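S.K.: Top line first, the protein sequences correspond to chains F and A.
The numbering of the first sequence is the working numbering, which starts it at 1 and goes up by one.
The numbering of the second sequence is the working numbering, which starts it at 1 and goes up by one.
Hints may contain errors.
[As the list claims (entries may be wrong)] Below are the SDA-like pairs computed for lysine to any residue, each with C-alpha atoms no more than 20 Å apart in a straight line:
| id | chain 1 | residue 1 | chain 2 | residue 2 |
| --- | --- | --- | --- | --- |
| 1 | F | Lys50 | A | Gly273 |
| 2 | A | Lys251 | F | Lys68 |
| 3 | A | Lys251 | F | Glu92 |
| 4 | A | Lys251 | F | Ala95 |
| 5 | F | Lys68 | F | Gln37 |
| 6 | A | Lys251 | F | Thr24 |
| 7 | A | Lys251 | F | Asn49 |
| 8 | F | Lys50 | F | Thr30 |
| 9 | A | Lys317 | A | Asn281 |
| 10 | A | Lys204 | A | Glu272 |
| 11 | A | Lys317 | A | Gly344 |
| 12 | A | Lys251 | F | Asp96 |
| 13 | A | Lys317 | A | Phe249 |
| 14 | A | Lys317 | A | Ala342 |
| 15 | A | Lys251 | F | Ala99 |
| 16 | A | Lys251 | A | Arg233 |
| 17 | F | Lys50 | A | Ser267 |
| 18 | A | Lys251 | A | Pro322 |
Because the hints were derived from the structure by calculation, they are not lab data.
Please read all numbers here as calculations on a predicted model, not as lab measurements.
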Amino acid sequence: MHEHVSHFEAYVDFISYVLISAATEFTPQTFLPPEEQTNLENAFQTLFNKFPLVARRLRTPAAAPELKRLLQSSLEAYRSGDVLRGGHILQEFRADLLAQATHRG
Amino acid sequence: MGSGPRWRSDRESRTDRARRTRRRLTIGSSKESNHRSGRPAVSGRVGVAARTRRRRSPPDRSDSVGPPHGSPAVNAIKGAFRQGFAAAGASADRDINHPGIVSSIQNLIDPLHPFEGFLTEPAISLADSLQKVWRPDLDEPYAAQALAENNAAHWIPFDPQHVPSAAEQRATERDLALLVLGHRFGPQVGEISVRPAGPFGRFKSAEDFELEAYRQLQRFHNEAFAKIEQSIRTGSLTPPPGLPQPLFFGKELDAAVRNQFREWVRSEGIEEGPTGVVRINRRLYDQTAAPGAKRYRQPDVYVPQANSILEGTMAPKSWRTPQIRDYRAFSGANTTVVRPQARGTSYGVVQ
Numbered sequence: 001m002h003e004h005v006s007h008f009e010a011y012v013d014f015i016s017y018v019l020i021s022a023a024t025e026f027t028p029q030t031f032l033p034p035e036e037q038t039n040l041e042n043a044f045q046t047l048f049n050k051f052p053l054v055a056r057r058l059r060t061p062a063a064a065p066e067l068k069r070l071l072q073s074s075l076e077a078y079r080s081g082d083v084l085r086g087g088h089i090l091q092e093f094r095a096d097l098l099a100q101a102t103h104r105g
Numbered sequence: 001m002g003s004g005p006r007w008r009s010d011r012e013s014r015t016d017r018a019r020r021t022r023r024r025l026t027i028g029s030s031k032e033s034n035h036r037s038g039r040p041a042v043s044g045r046v047g048v049a050a051r052t053r054r055r056r057s058p059p060d061r062s063d064s065v066g067p068p069h070g071s072p073a074v075n076a077i078k079g080a081f082r083q084g085f086a087a088a089g090a091s092a093d094r095d096i097n098h099p100g101i102v103s104s105i106q107n108l109i110d111p112l113h114p115f116e117g118f119l120t121e122p123a124i125s126l127a128d129s130l131q132k133v134w135r136p137d138l139d140e141p142y143a144a145q146a147l148a149e150n151n152a153a154h155w156i157p158f159d160p161q162h163v164p165s166a167a168e169q170r171a172t173e174r175d176l177a178l179l180v181l182g183h184r185f186g187p188q189v190g191e192i193s194v195r196p197a198g199p200f201g202r203f204k205s206a207e208d209f210e211l212e213a214y215r216q217l218q219r220f221h222n223e224a225f226a227k228i229e230q231s232i233r234t235g236s237l238t239p240p241p242g243l244p245q246p247l248f249f250g251k252e253l254d255a256a257v258r259n260q261f262r263e264w265v266r267s268e269g270i271e272e273g274p275t276g277v278v279r280i281n282r283r284l285y286d287q288t289a290a291p292g293a294k295r296y297r298q299p300d301v302y303v304p305q306a307n308s309i310l311e312g313t314m315a316p317k318s319w320r321t322p323q324i325r326d327y328r329a330f331s332g333a334n335t336t337v338v339r340p341q342a343r344g345t346s347y348g349v350v351q
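Excised from the complex, chain F in its bound form (with noise of 0.2 Å):
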């Protein structure tokens, strides 16, 4: 699920895509099978479980739990149907995210 996004630039577009995606609808996908369809619980499976691309960008690791917690937070608020909530959180997870990141070497 979500195999391109394979590295970090590609973790913080999919973020974008998530953000918009999520405020308005998952637009089905013709080129992709149903079950690979992106729907608000896959998206954010797939942003938990790649996190480890961009934790190791983090100049302090220490912050990983704090983005992980955001992370959280946001999909809460997306489930509870608070989709403004949720956008901020998730826009707030993204610029922590990159303020946080090392420059690629």
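For chain F, the structure is supplied; the task is to place chain A on it using the hints.
M.R.: The following block gives chain A in isolation, referenced to the frame of chain F:
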């Protein structure tokens, strides 16, 4: 059988879809006539005129959900199925009459034209997808060898009590489509010929890929533009302090489109990377710069073999734009500007 209603339901929906689309792939007798004329067999995607010529008024079988188990159509495909097993050296003791397999076979056959050279829309799309799994190191009988590799994963297990999952059914149908197309009709079935996958997967050339890449990029831009517009309007997406909204909009658009494009390229089985045949947002260095200068640009999509760069943008860019000039100077490639249709047309940059 415990799985009866499930299969029936699925079969009916596919049949309905086939009736709606009325898209046909002619094989068999059409191959012969095309052979005489020296033209390729009728295609599933083009050759509309040929299809129209061959289309007849179908008998009224609106209550049918596929040919019966013992029909020549099903038997013929079962024969191909057995050949596939034998050629693959696989065990032939699987139950060809397993209800799941029979249902899968029925789904491949147009109910209005029981095996008179017509396959259903699902079969055609399955055949299309098969091009992605074809590998150049597989010789004929390619279907059998592909099966030998994927046998365990794809066939519905031989267990009359087993309730097949949707994924199992789909995989089995795919294998069956491969068998039908491969063993019975040979490697050439018009445009949907099963052919070796080159670096551009199912695309014949870098240019063919680039054309489809452009179409996909255009679609992704349109889709993302509308979503971002709505997200900003409803307040779920807000620009960070100090970042002008148009700039924020553009960055979000670029990122969301890149994600979509990566996913599409991946789905096509095409390699993306700094040295891949497709490069998404990868650095393009100025080869003429002084050593250590490391001047570079990052085009959205670069397809070196097509000598083409696809650049997504909200604002128009022209030959006078430094970025576009650098693309040309660094790579020699032509640039096509892709814009959300809500903002204007896409176009090729002319020097």
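S.K.: Which constraints among the numbered hints does this structure fail? Numbers only, ascending.
M.R.: Numbers 2, 5, 7, 8, in rising order.
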